[in-house]
Amino acid sequence: MTLPWPRSLFARLMLILLVGILIVIAASLALFVGERERIGRAALFDSVAQEIAATADVLDHLSAAERERWIDELGRRRLRLALRPPSERLQALPDSHPLPAALRAAMPGRSTAAYTHERPGMRHAVIVALVNLADGTPLQVRLPGIPPTPHIGPPEPGRLLAALAALVGGVGLLTWFAVRLATRPLSRMADAARALGEDPDRAPMDIRGPTEVSQAAQAFNQMQQRIREHVSERTRILAAISHDLQTPITRLRLRAELVDDEDLRARIQGDLDGMQALVREGLAYARSLNEATPAQPIDLDSLLEALCDDARDMGWTLSLSGRVGTPLHAQPTAVRRALWNLIENGVKFGGDVGIIVSTKPDVIEIRIRDHGPGLPESELEKVFEPFYRLETSRNRETGGTGLGLAITRNLLRRQHGSIRLRNHPDGGLEAIVLMPRFGAHAHVP
Amino acid sequence: MSQQDHILIVDDDRDIRGLLADYLEKQGLRCTTAADGREMKTALEQHRIDLIVLDIMMPGEDGLTLCRNLRAAGGPPANTPILMLTARGDDMDRILGLEMGADDYLTKPFVPRELYARIRAVLRRTRALPPNLDAAPLAHARELHFAQWRLDTINRHLIDATGIAVALSGAEYRMLSIFLSHPQKVLSRDQLMELIQGREADIFDRSIDLQVSRLRQRLGDNAREPSIIKTVRNEGYVLATNVSVVTPDTSRGTS
Numbered sequence: 001m002t003l004p005w006p007r008s009l010f011a012r013l014m015l016i017l018l019v020g021i022l023i024v025i026a027a028s029l030a031l032f033v034g035e036r037e038r039i040g041r042a043a044l045f046d047s048v049a050q051e052i053a054a055t056a057d058v059l060d061h062l063s064a065a066e067r068e069r070w071i072d073e074l075g076r077r078r079l080r081l082a083l084r085p086p087s088e089r090l091q092a093l094p095d096s097h098p099l100p101a102a103l104r105a106a107m108p109g110r111s112t113a114a115y116t117h118e119r120p121g122m123r124h125a126v127i128v129a130l131v132n133l134a135d136g137t138p139l140q141v142r143l144p145g146i147p148p149t150p151h152i153g154p155p156e157p158g159r160l161l162a163a164l165a166a167l168v169g170g171v172g173l174l175t176w177f178a179v180r181l182a183t184r185p186l187s188r189m190a191d192a193a194r195a196l197g198e199d200p201d202r203a204p205m206d207i208r209g210p211t212e213v214s215q216a217a218q219a220f221n222q223m224q225q226r227i228r229e230h231v232s233e234r235t236r237i238l239a240a241i242s243h244d245l246q247t248p249i250t251r252l253r254l255r256a257e258l259v260d261d262e263d264l265r266a267r268i269q270g271d272l273d274g275m276q277a278l279v280r281e282g283l284a285y286a287r288s289l290n291e292a293t294p295a296q297p298i299d300l301d302s303l304l305e306a307l308c309d310d311a312r313d314m315g316w317t318l319s320l321s322g323r324v325g326t327p328l329h330a331q332p333t334a335v336r337r338a339l340w341n342l343i344e345n346g347v348k349f350g351g352d353v354g355i356i357v358s359t360k361p362d363v364i365e366i367r368i369r370d371h372g373p374g375l376p377e378s379e380l381e382k383v384f385e386p387f388y389r390l391e392t393s394r395n396r397e398t399g400g401t402g403l404g405l406a407i408t409r410n411l412l413r414r415q416h417g418s419i420r421l422r423n424h425p426d427g428g429l430e431a432i433v434l435m436p437r438f439g440a441h442a443h444v445p
Numbered sequence: 001m002s003q004q005d006h007i008l009i010v011d012d013d014r015d016i017r018g019l020l021a022d023y024l025e026k027q028g029l030r031c032t033t034a035a036d037g038r039e040m041k042t043a044l045e046q047h048r049i050d051l052i053v054l055d056i057m058m059p060g061e062d063g064l065t066l067c068r069n070l071r072a073a074g075g076p077p078a079n080t081p082i083l084m085l086t087a088r089g090d091d092m093d094r095i096l097g098l099e100m101g102a103d104d105y106l107t108k109p110f111v112p113r114e115l116y117a118r119i120r121a122v123l124r125r126t127r128a129l130p131p132n133l134d135a136a137p138l139a140h141a142r143e144l145h146f147a148q149w150r151l152d153t154i155n156r157h158l159i160d161a162t163g164i165a166v167a168l169s170g171a172e173y174r175m176l177s178i179f180l181s182h183p184q185k186v187l188s189r190d191q192l193m194e195l196i197q198g199r200e201a202d203i204f205d206r207s208i209d210l211q212v213s214r215l216r217q218r219l220g221d222n223a224r225e226p227s228i229i230k231t232v233r234n235e236g237y238v239l240a241t242n243v244s245v246v247t248p249d250t251s252r253g254t255s
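Chains as they are written, first to last, in our numbering: chain C, 1 to 445; chain R, 1 to 255.
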């Protein structure tokens with residue numbers, strides 16, 4: 001059986017520290033209190049017994065008259081001495097009290113006894129020790145000011161609870177501070193990593209803080225720097241390749257016009273169309289990764305209507321239902337491009353396209369559904385990979401470059417949005433786009 | 001067009017220059033080629049050129065500079081129509097090209113037939129349209145202001161009074177930019193059709209009236225009492241508001 005174990009590091013550290021500190025405190029408190037009681041009390045009564053023994057020894061050697069005088073002179077300071085048998089009102093001290101044992105130990109040769117004397121109006125009963133001198137005279141010793149049963153019971157529950165609460169509260173607060181100090185940089189780093197995924201050009205992390213945190217932040221910033229260089233290098237290479245391909249493609253297009261065979265010429269131009277599309281999409285893909293145009297409020301309803309108008313001008317059939325009402329905060333051309341790609345895909349693979357837009361508490365949902373054969377479940381995520389080819393290779397037949405969905409996902413992610421595909425229960429493939437509703441900082445999982 | 005139109009091709013790539021000339025000559029045009037600004041100047045002095053096909057990316061003086069210098073030079077060649085070839089499909093290039101006074105642009109690599117169609121369209125437009133329909137220069141600014149709207153010509157969308165971007169379909173954008181280029185001028189349906197088709201060779205089966213009504217809807221213009229695009233009975237349509245250029249962002253360079 002496994003004990004329930006909290007998932008977060010914060011909770012775990014809190015638990016370990018709190019429980020550990022409390023156990024240590026409880027154990028040491030118990031040990032300390034018990035020992036102090038035992039030793040303190042025993043020592044007190046041992047010394048009292050020793051004093052009584054010494055007194056008794058002195059009195060043994062004195063005559064009766066001298067004893068009275070001696071007691072008058074000396075014996076009144078701490079111990080009140082009296083040479084008479086105990087009165088009837090005394091009660092024997094229980095054996096659990098340390099005094100009888102201490103007396104016996106101090107004076108093994110004498111008969112000793114201990115009593116308490118309850119007096120009304122006094123806080124404590126007076127303890128009375130009785131020792132027989134060598135000649136049989138009883139010596140009564142009254143020990144004032146010492147509680148008869150120096151019994152330290154459990155403290156009052158209220159005070160105990162208050163003390164405990166203060167302790168737990170104090171320890172808890174300190175632990176919380178310490179654990180927070182340790183775990184907060186981790187959450188900050190997680191936030192930074194997430195933000196990096198959306199925007200490699202974000203500002204570097206704050207590197208202030210404890211040494212370890214500062215080092216980690218510096219390492220993170222270095223990594224971000226390298227990622228940025230990597231991305232921009234990739235963009236540069238892709239842009240350079242596609243740019244440099246434009247001149248030879250232009251030449252080829254012109255040379256193809258020299259071909260007299262019309263059929264051959266059309267096929268060459270068709271091949272060049274494919275090459276040109278690849279060059280264009282490659283460039284678009286590279287740009288979709290690191291283009292950072294500012295976001296602005298967009299009327300999504302008019303955008304969807306405009307896209308539908310454009311699509312109808314292309315001779316496509318599509319329907320649009322639902323309204324958003326609130327503006328979307330994003331980069332207009334990126335959103336337009338992403339949604340256009342999805343509409344184009346839907347038309348290519350499934351004829352009629354239906355668009356349904358709706359608002360949820362946190363997100364705007366745009367569903368773009370086609371009426372084609374859909375995709376195998378295992379392919380739904382893979383088609384977002386650049387240049388991923390379906391086994392049926394329908395991409396090639398329809399002239400796709402294999403970059404459309406990758407570009408779409410990149411563009412949407414840069415707008416803090418998300419996209420996934422699913423097979424609609426009633427047939428056809430459905431792309432579900434979620435965009436944050438309030439500002440650009442809301443995060444769509 | 002009984003006489004042969006004379007096209008000047010300015011491109012630093014010798015192959016493209018030659019191939020382009022061959023192709024256009026095959027289509028019945030007369031061609032002269034130039035490798036740079038100096039040769040272009042010579043050709044303009046020696047021939048009566050009807051249209052210049054100008055490559056934007058050239059070592060030394062690039063196409064933009066040549067275009068600007070030509071327009072500024074004055075004299076008859078200053079009004080020669082220019083079709084700009086750009087290697088980058090960037091919006092910035094397109095806008096800059098038009099700002100510098102090009103009449104149309106085409107992104108490399110282009111389909112030769114499309115280039116030919118564009119050349120024909122530019123020639124037809126510059127000859128057929130009455131001079132009062134010359135596009136107002138402000139139509140080539142980055143941002144235009146009219147009624148309660150702003151038009152962002154780079155992103156090709158409208159911005160309403162509250163700063164929200166309102167998208168336009170391709171057809172709506174083309175129609176609107178034609179109206180904005182000819183503010184306060186009545187445009188007949190034929191002229192509108194000519195201007196639209198000359199610009200983009202797309203198929204248009206939607207009537208001009210339908211397109212205007214869609215555009216009015218997008219602009220929030222009351223169809224019965226339109227205040228932005230008004231109907232002129234038996235004549236056509238007119239953009240009934242003033243158009244002004246939104247103060248250009250001077251920080252943005254023209255690199």
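Note that these hints are calculated values from the structure, not bench results.
Warning: the hint list may mix true and false statements.
Straight-line alpha carbon distances no greater than 25 Å define the calculated SDA-like cross-link-like pairs of lysine to any residue that follow [said to hold, decoys possible]:
#1 R/K185 <-> R/S213
#2 R/K26 <-> C/D260
#3 C/K360 <-> C/R337
#4 R/K26 <-> C/R255
Pair by pair, the computed Cβ-Cβ distance ranges are [as the list claims (entries may be wrong)]:
#5 R/G28 <-> C/R234: 43 to 53 Å
#6 C/A240 <-> R/R68: 19 to 29 Å
#7 R/A117 <-> C/R202: 44 to 54 Å
#8 C/V259 <-> R/R48: 44 to 54 Å
#9 R/T42 <-> C/N221: 35 to 45 Å
#10 C/R226 <-> R/A73: 28 to 38 Å
Over the 12 Å line for every Cβ pair with chain R, so calculated as not near, a few chain C residues [claimed, not checked]:
#11 A54
#12 R84
#13 T137
#14 L161
#15 T211
#16 P248
#17 D273
#18 V279
#19 P297
#20 H424
These numbers come from a predicted model, not from an experiment.
Just so you know, even glycine gets a beta-carbon here, dropped at the ideal spot from N, CA and C.
Hint-by-hint comparison with the structure:
Pair hint R/K185 plus R/S213 holds up; C-alpha atoms about 18 Å apart against a cutoff of 25 Å. With a C-alpha separation of about 12 Å, the suggested pair R/K26 and C/D260 falls inside the 25 Å cut-off, and the hint holds. The straight-line distance between the Cα atoms of C/K360 and C/R337 is roughly 23 Å, inside the 25 Å bound, and the hint therefore holds. Between the alpha carbons of R/K26 and C/R255 the distance comes to roughly 13 Å, so the proposed pair stays at or under 25 Å and holds.
Hint check: R/G28 to C/R234, Cβ distance near 46 Å, so the stated range 43 to 53 Å holds. The hinted range of 19 to 29 Å is satisfied by C/A240 and R/R68, whose Cβ atoms lie roughly 28 Å apart. Against the hinted window of 44 to 54 Å, the Cβ-Cβ separation of R/A117 and C/R202 comes to about 46 Å, which satisfies the hint. Remark: the range hint 44 to 54 Å for C/V259 to R/R48 is contradicted by a beta-carbon distance near 33 Å.
Checked against the hint of 35 to 45 Å, the C-beta distance between R/T42 and C/N221 comes to roughly 57 Å, which is inconsistent with it. Our hint of 28 to 38 Å for C/R226 and R/A73 is violated, since their Cβ atoms are close to 51 Å apart. Every beta carbon of chain R lies more than 12 Å from that of C/A54, the smallest distance being close to 102 Å; the non-interface claim holds. No Cβ of chain R approaches the Cβ of C/R84 within 12 Å, the least distance being about 109 Å, so the stated non-interface status holds.
Every C-beta of chain R lies more than 12 Å from that of C/T137, the closest at about 113 Å, which supports listing it as non-interface. Against the 12 Å criterion, C/L161 stays outside the reach of chain R, whose nearest CB is about 61 Å from its own CB. Distance check for C/T211 against chain R: the nearest CB is about 42 Å away, which clears 12 Å, and the non-interface claim stands. The beta carbon of C/P248 sits about 8 Å from the closest Cβ of chain R, which is not more than 12 Å, so the claim that it is off the interface is violated.
Once the 12 Å rule is applied to beta carbons, C/D273 is inconsistent with being away from chain R; the minimum gap is 8 Å. A Cβ of chain R approaches the Cβ of C/V279 within 12 Å, the least distance being about 8 Å, so the stated non-interface status is violated. Not every CB of chain R is more than 12 Å from the CB of C/P297 (nearest about 4 Å), against its label as outside the interface. At the 12 Å boundary, the C-beta of C/H424 stays outside the reach of chain R, the nearest C-beta of that chain being 26 Å off.
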